[in-house]
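For reference, the chains in residue letters:
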Amino acid sequence: MASLVGSRVERKEDTRFLQGKGRYTADINIANQTYAVFVRSPHARAKIKSVDTSKALKSSGVVGVLTGKEIAEDKIGGLIAGWAIRSEDGSEMKVPANPPLAKDIANFVGEPVAVVFAETLDEAKEGAEKVKVDYKVLKAVVDPAEAMKSDAIHDGVDKNLCYDWLLGDRKAVDEAFAKADKIIKVDLINNRLVPNAMEPRACVVDYNTASEEITLYTTSQNPHLSRLVMSAFGGVAPENKLRVVAPDVGGGFGSKINVYNEEIVCSWASKKIERPIKWVAERTESFLTDTHGRDHVTHAELAVTNDGKFLGFKNETIANLGAYARVFGTVTPTYLFGPCATGVYVIPAAYSNVKAVYTNTAPVDAYRGAGRPEATYTIERLVEKAAMELGMDKTEIRMKNFPTQFPFKQTLVHTVDSGDYVAGLEKAKQMADYAGFEARRKKSEANGKLRGIGVSSYFEACGIAPSAAVMSLGCGVGLWESAEVRFNPTGQISVFTGAHSHGQSHDTTFAQIAADELGVPMENIDVVHGDTDKGTFGMGTYGSRSLTVGGIAIVNACKKIVAKGKRVAAKMLEVNEDEIEFKDGEFVALKSNKKKTIGEVAFACYLPGQRDEMKSPIPEGDEPGLIESSFFDPANFSFPAGSHICEVEIDPDTGNVKVEKYTAVDDFGRIVNPMIVEGQVHGGIAQGIGQALHENTQYDETGQLMTASYMDYTMPRADNFPEFNLGFTCTHATSNPLGVKGCGEAGAIASPPTVMNAVIDALGGQEISMPATAEKVWKACKAMKKSNAKAA
Amino acid sequence: MKSFNYHAPKDVKDASKLASSNSAFLAGGMTTIPSMKLGLASYKDVIDIKNIKKLSGIKVSGKTVTIGATTKHVEVAESKDVKKAIPALAKLAGNIGDAQVRNRGTIGGSISNNDPSACYPSACMALNAVIHTNKRKIEAEKFFTGMFETALKSGELVEAVEFQIPEKADYQKHPNPASRYAIIGVFVAKHKKDVNVAVTGAKSCVYIDKDLSKKLSSSFSVSAIEGTDVKSSGMNSDMHASAEYRANLVSLYAKKAVEAC
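Going down the list, the sequences are from chains A and B. Its first residue numbered 1, the first sequence is counted upward by one per residue in this note's numbering. Its first residue numbered 1, the second sequence is counted upward by one per residue in this note's numbering.
What the hints contain is simulated information worked out from the structure, not anything from laboratory work. Just so you know, even glycine gets a beta-carbon here, dropped at the ideal spot from N, CA and C. Hints should not be assumed to be uniformly reliable.
What the hints assert, rightly or not - Chain B side only, calculated, beta carbon under 7 angstroms to chain A, not exhaustive:
no.: 1; residue: Phe4
no.: 2; residue: Pro87
no.: 3; residue: Pro177
no.: 4; residue: Ala178
no.: 5; residue: Ser179
no.: 6; residue: Met239
no.: 7; residue: Leu252
Stated by the list, open to error - Below, a list of computed lysine-lysine pairs in the PhoX-like style, where the Cα atoms sit at most 25 angstroms apart:
no.: 8; chain 1: B; residue 1: Lys44; chain 2: A; residue 2: Lys449
no.: 9; chain 1: B; residue 1: Lys37; chain 2: A; residue 2: Lys58
no.: 10; chain 1: A; residue 1: Lys130; chain 2: B; residue 2: Lys2
no.: 11; chain 1: B; residue 1: Lys256; chain 2: A; residue 2: Lys785
no.: 12; chain 1: B; residue 1: Lys2; chain 2: A; residue 2: Lys782
no.: 13; chain 1: A; residue 1: Lys130; chain 2: A; residue 2: Lys49
no.: 14; chain 1: B; residue 1: Lys83; chain 2: A; residue 2: Lys125
Make a model of the complete structure from these sequences and hints.
Here is the structure:
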């Protein structure tokens, strides 16, 4: 039987998605449900003097109104920061309370203050308008670079500083810098992004008054974690009385990791008002309250020799956490960022220092790539600038500093198991016709256009997160993944995974893996996820972990099935276990060539002792049934890597930047489904080009989000992209039995510096910040004209 | 959205009768409905005029193209008659918003709303359009009075727009990358005697750039306006584009339009 792993199997999920048959949270309706509308702070920072709900309560159709006071009285806990980060001086990070409904103070525009439940959505909206909140508006802290000099917005958080974290050795770096021929410096802004999942957040809560069980349908990337957080920290209900279901989810990109205010409030309230509750975010609410991404201000330096060897690296970054520290908010700008900031290079000395600050803006958390795009942007801007200042070819300088031996002990934390960075860059050069660039540049020039080429080589640490690694860093919980493979008596198989698909195609890829392991057609396999009542436990999907962690748990569970199957088949075929070979779904007795299919074995496991059989097929010591589970905790992160090359053409009259060519060569180890991987890369690159050229989140000085709709926030569109030219190098990971590496975030990690390096190349080295919008580029072109005129 | 009374009259007279200070005419609803949904606008009566047959359609006579108020952008963009008589107008309509907007949005709605970044007002100005209402005929120049302001009075309804067929014309816009409205748009029309350069997006209301128009009237060529210093004073400056950038684009796109004529 041909292996399914490695083939372009069409997506099982497309049948329902393309026919409009997906079942999303907002599609779920419960009899007798009420509709929730949240009253949100219109101010970025304001004391809540009083909340008057009396008129709202009298409003037509209103069933109940709840405020921060009631939720505090019921001792419902707030939102949490998942990872503990220590400052350089050893002190613990400072995390303010983040109540589900603000009681005394609101800290960003959109923070929920009260909630209204009514018979219809219109009545709930009407009621919400009648809740009168008396605010005392305070001066908002908006700019992360100024936050440490501004008023403290949270009690007990001096200078708005959550932590001042260091990774690396300052002294070694100073010594390396002292030996350098040249110090390359960059000042960078990693622009804040709004994730913009296609499906806005939503929740539907059903409280069963008889069993006292709460069922929460929600738009989550990790339903089990949501249940854990709501139970352990929120105190909403014990875990056995709380079922969390994340059905089809239309994109997350990190913004659906957190348990949000609305889910906690609606779950708590459903029990209180003894009615089901439905809440669906409007797009503006998504803009205002989904966790945002990035938002770093970075100064970084690279010490180099005249012949282009890297000696040392320093990275001083201010990371904006927004108003509160959320689940991955504190780890994203530290352990997911700092170690990767030295990139794919041998750099003897390095440090990353990150000051995370609170501001009166929407909380910032993981967003596709989480920390690694910021890291790659930092080092790859430096490297490109170093090539420019040293007059070296931009690929040569990279090649010169690539490690060639694997495992490669990277400067700050990671030991990279496998890779071939030279092969990746060589392949990218060839695919991009790097050598032919100059001719294309001249052609553009003849048409009055500026053409630039940019390169970026990256690696990233994903497959989040091996317990051993996390524990050794002392920063929180390890994140394994579970799987259960359940043979039904008649031979169909349910594969339960703790990972969650919100666009990753698990229905297909996980079925491919299990089908190969079990030797059955993938049509016989259903991948089941997203329901805490079905799977045992799971950590969910983020950090490109589904396949490298969850997929391996499936493989391991399948291997246990086969092992038990062998024992049963041996007994059925009356041979010793070691005389049985399992191949293509059949247990074959080697000597006699008698066989039992895995389906027959499964049937026998459930219905032992059939008519005319003298003995049970279940061996002594084994139990009936054919269900196996596995919890997989990887030994190490997974380290995809690659090189991307981009060419842009700039119209100096308008400043319009056109991405003319985009080549990506990635190493994802063994590839399960090339078509799906290509889709992941396409999406990632699109988001990265969005960050580099289009997406421009802007708060005004009072903390109002100016770009809170698609009228003002530029999402990249299909006509902003050329056809992507994709290639792969496949060095198998040694840290897992499939040899796979994560692929979900790579495109978004590699592409922003690739594009920006191309833009800056076209501008003759003139620095420009993301997003490189037409007006900014036009101004740079004007400045370039001026300085060229002067030089002439 | 606040509840409202929905009316769908069959003729203009009934529509007019229903109008009050607390009503809105609804054609494609591309602005009115989002405004109502966002709570930025609410009306007691919404008067849907899509069922009034005489308001829709395209007529070409010798010298003019007349487009009914409820004619959709897509119909203008795809009309063989418009493409033949004033290809620039079909091109303009074909680039408004996106396919969804073009399939619902109407010319009457666009000009009655007079969004400072809308495309159609520039065509009206450059093509010496006459706006036919149920009460009178208004020259384009007098119709667009300010930001989201027109000469329309309460109960007055645009019935059609009558464009003068020029010798040559072209429309060029620099779209806002988010909304794809015009950051600026320039409509250049060469008529028998003179040239009109109408600019949208740059200021609070569409206007004729007199300097560019004059120069092109004496010599219709790119070189005639080469180096013209389009002043940025009075131009919009917002997070999408500074006044200076807009001024640069106006002069650039005017040249592009002349070139394309």
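Comparing the hints with the structure gives:
Nearest Cβ of chain A to the Cβ of Phe4/B: about 12 angstroms, over the 7 angstroms cut. The hint is violated. Proximity of Pro87/B to chain A is violated relative to the hint, the smallest CB-CB distance being about 22 angstroms (cut-off 7 angstroms). Taking 7 angstroms as the C-beta contact cut-off toward chain A, the hint placing Pro177/B at the interface holds, the least distance being around 4 angstroms. Because the closest C-beta pair between Ala178/B and chain A is about 4 angstroms apart, less than 7 angstroms, the hint holds.
Annotation: Ser179/B was flagged as interfacial toward chain A, and the flag holds, the nearest CB pair being 4 angstroms apart, inside 7 angstroms. At its closest, the beta carbon of Met239/B sits 6 angstroms from a beta carbon of chain A; the interface hint therefore holds under the 7 angstroms criterion. At its closest, the beta carbon of Leu252/B sits 5 angstroms from a beta carbon of chain A; the interface hint therefore holds under the 7 angstroms criterion. Straight-line distance between C-alpha atoms of Lys44/B and Lys449/A comes to about 54 angstroms, which puts the hinted pair past the 25 angstroms bound.
Restraint check for Lys37/B and Lys58/A: the C-alpha separation of about 24 angstroms stays at or below 25 angstroms, so the hint holds. At roughly 14 angstroms between alpha-carbon atoms, Lys130/A and Lys2/B fall within 25 angstroms of each other, so this suggested pair holds. A distance of roughly 21 angstroms separates the Cα atoms of Lys256/B and Lys785/A; the hinted pair therefore holds under the 25 angstroms criterion. For the given pair, Lys2/B sits about 50 angstroms from Lys782/A by alpha-carbon distance, which is inconsistent with the 25 angstroms threshold.
The straight-line distance between the Cα atoms of Lys130/A and Lys49/A is roughly 17 angstroms, inside the 25 angstroms bound, and the hint therefore holds. Annotation: proposed proximity of Lys83/B to Lys125/A is violated, straight-line Cα distance about 47 angstroms (limit 25 angstroms).
Of the numbered hints stated above, those contradicted by the structure are hints 1, 2, 8, 12, 14, listed in ascending order.
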